[in-house]
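There are 2 protein chains.
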Amino acid sequence: MNILKDGTVTDPQGFVAGVAEAAIKKPGKLDISLVYSERDCAAAGVFTKNQVVAAPVIVDRETLAANSAGIRAVLTNSGNANAATGAVGLANARQMQEMTAEAVGCTADQVLVLSTGVIGVQLPMDRLASGIAHAGENLSADHGLQAAEAIRTTDTFTKSRSYEIPLSGGTVRIGGMSKGSGMIHPNMATMLGVLTTDAQIEAHLLQEILSEATEVSFNCISVDGDTSTNDTVLLLANGASGVSISGGADYDLFKQALIDICQELSKLIIRDGEGATKFVELMVTGTPAQSDAHQIANSIAMSPLVKTAFAGSDANWGRIMAAAGKAGVPFDQNKTTLRVGNDGQTWLTLLESGLPTGYAEEDAAAIFAQGDIYVWLELSEGEAQATVWTCDLTHDYVTINADYRT
Amino acid sequence: MNILKDGTVTDPQGFVAGVAEAAIKKPGKLDISLVYSERDCAAAGVFTKNQVVAAPVIVDRETLAANSAGIRAVLTNSGNANAATGAVGLANARQMQEMTAEAVGCTADQVLVLSTGVIGVQLPMDRLASGIAHAGENLSADHGLQAAEAIRTTDTFTKSRSYEIPLSGGTVRIGGMSKGSGMIHPNMATMLGVLTTDAQIEAHLLQEILSEATEVSFNCISVDGDTSTNDTVLLLANGASGVSISGGADYDLFKQALIDICQELSKLIIRDGEGATKFVELMVTGTPAQSDAHQIANSIAMSPLVKTAFAGSDANWGRIMAAAGKAGVPFDQNKTTLRVGNDGQTWLTLLESGLPTGYAEEDAAAIFAQGDIYVWLELSEGEAQATVWTCDLTHDYVTINADYRT
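Heads up: the protein sequence lines correspond to chains H and U, in order. Residues in the first sequence are numbered consecutively from 532, following my numbering. Residues in the second sequence are numbered consecutively from 532, following my numbering.
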């Protein structure tokens, strides 16, 4: 398997991208991103679990339910979320489909739409219309990276990757882009992901693989515990490689590659967490069920006291244990082991049987001072485990979010 | 009912207090607080729900289970939480009981102990011993306020109140003190509360009343969503007023007074939230069950995006709605009404039927610029409701918690 760090959604065969500046964000910034497939695609989507959902989420759910074997385009605008916009917003999202269909020459039910940005403001439909038309005019395999750039909001860097996967019948490719830096949490918080592949897979299999992959990637990251109204991951398979996947070893290889690229794109979001200076991997092992481990890891990842301790390079294991204990999952504190490190390979044991081991404080401080911190909590209550990725909570997070709209 | 803002735990008859500097906190600060009743007390306690609990919580649960009708003293040390201290810590907590019993002249099973401060460090037993002895020597009805001062950790002010309640058989008094400013969240996060009353009530009724009162007070506050290993609220009734309460209107009056003082002491903790500049009351109405409303209010109270918006005086209702929607409680976003204000009486309606009302942005901004903000979310799905109190998330919160141990 071959990872291309500067790979994009247009690396898979038969995909092109177009972009435009429509002044939905500040003028001079790309805010329209169009991904287009020259052939019909099987498509799958995973959406926010928030009760409050944005218009494009409603429209995409409908579109995928009706036409998951014939998708041609994904149109994303940044700068405006089209959320809490009522019937007008819903009509506007459908209008976005129409405009895109006209720009690329397909029908409206072949278009998926994504929006991200401020909530409660109607889309500027005239500017959107000219932006979409312009993006349709510059479709090109060279515009993959710009397509990823155009979906950014508070992101400080562009998140794009592609993989090559040699299968029994030939090589297929997966390309992906994501955006998100604040409001990131399971499940799928202000996070958009668009994945393309030139493998040939039926829509129901594609949905199965995408759901599994997001469960262990996009749903395992937490910047601030908030989930947005717009979060969506889409996967389009156009079959242009001529390589078909229906099961067996090829299916497993493809799924593993999809998990890898989804985890890669997820971790990039954490590394770009608003104000983040630390990347933290939290592994909880030894629980009766996987969901227990996930719940405890999440509780640690969401604790402001833990996250500020990471920011202060403070090896404050008391806060980690208190956050684990409040997750609502029973465990015996006298059987816990807590280890920390910087590479996920070598560990310093801070607690054993729930008690400090007598480690040297300067060794712990040295680990917490690094940019990448790994925390491993073993509970000795079972065989299940889970991993969650998060970041620290810094002054810059407060600065970014106290004045987002001003 | 008479509220005394400078009232204390020694206002009820027959209670005295003693304090000492034992150098468990920085030298020169009170860190030993002893509340003593001249008569045996009925006693009740509510404790942290964290899986990881401190030694004094274990000891107090045992002591109350064995002797809830014969308590004489509550000894609190600040500066050290005696948590994650294993068998040695448990022995030390029992030793604290012995030392206190000797200082006041009762038996060890008549003493409840509380500890708050850093985790994972053993108590300095020699300094503790002389501190407790000294506190026993200066027991006085005049030391109520100092007793409240001595239980502080990062608190910036002392939290103490007392109430006079005229009942059919005469007047009784309730006095209370609390501490806590960070790590405050349902259920009972790094929060200590000690309440005294000179009413005569049986222990099982006292426990019933205290549990009800904490449910709508201490368990409805959230600074940062974290719960500590030590949180405890204790209530001692010594009967010194000669007024007995066993049911009827007196019971209801007494319970309401206890709820009032618990809510008052809870709100003081929020006003003292680490780095807080805003006091926020969140009322969620119109849910099928009270627990639904509580869950949604909590989700809003715990959202870092909402809390930073309060800090920035940003009337960002999109974040409030997104936080409500992620609580896991189903509701129809098209039936929601969101109102904000500064006094809980007059309101500005921001959303109706889930859509912005066309309010003037400067009116909303003026409300969010005040120190006290009231938010009222009506869901139109039922008749239940809940209220939660929280504060904003500021730069100072990060500063305080990034470097707590340094």
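I should point out that these hints are in silico values taken from the structure, not numbers from a laboratory. All figures in this text were calculated on a predicted structure; none of them were measured in a lab. One thing to keep in mind: the hints can contain errors.
Stated by the list, open to error - As a list, the in silico PhoX-like pairs of lysine-lysine whose alpha-carbon atoms are at most 20 Å apart:
no., chain 1, residue 1, chain 2, residue 2
1, U, K557, H, K866
2, H, K786, H, K798
3, U, K866, H, K580
4, U, K798, U, K786
Hint-by-hint comparison with the structure:
1. Taking the CA atoms of K557(U) and K866(H), the gap is near 33 Å; set against the 20 Å cutoff, the hint is violated.
2. Proposed proximity of K786(H) and K798(H) is supported: the alpha carbons are some 18 Å apart, at most 20 Å.
3. For the given pair, K866(U) sits about 19 Å from K580(H) by alpha-carbon distance, which is consistent with the 20 Å threshold.
4. The straight-line distance between the Cα atoms of K798(U) and K786(U) is roughly 18 Å, inside the 20 Å bound, and the hint therefore holds.
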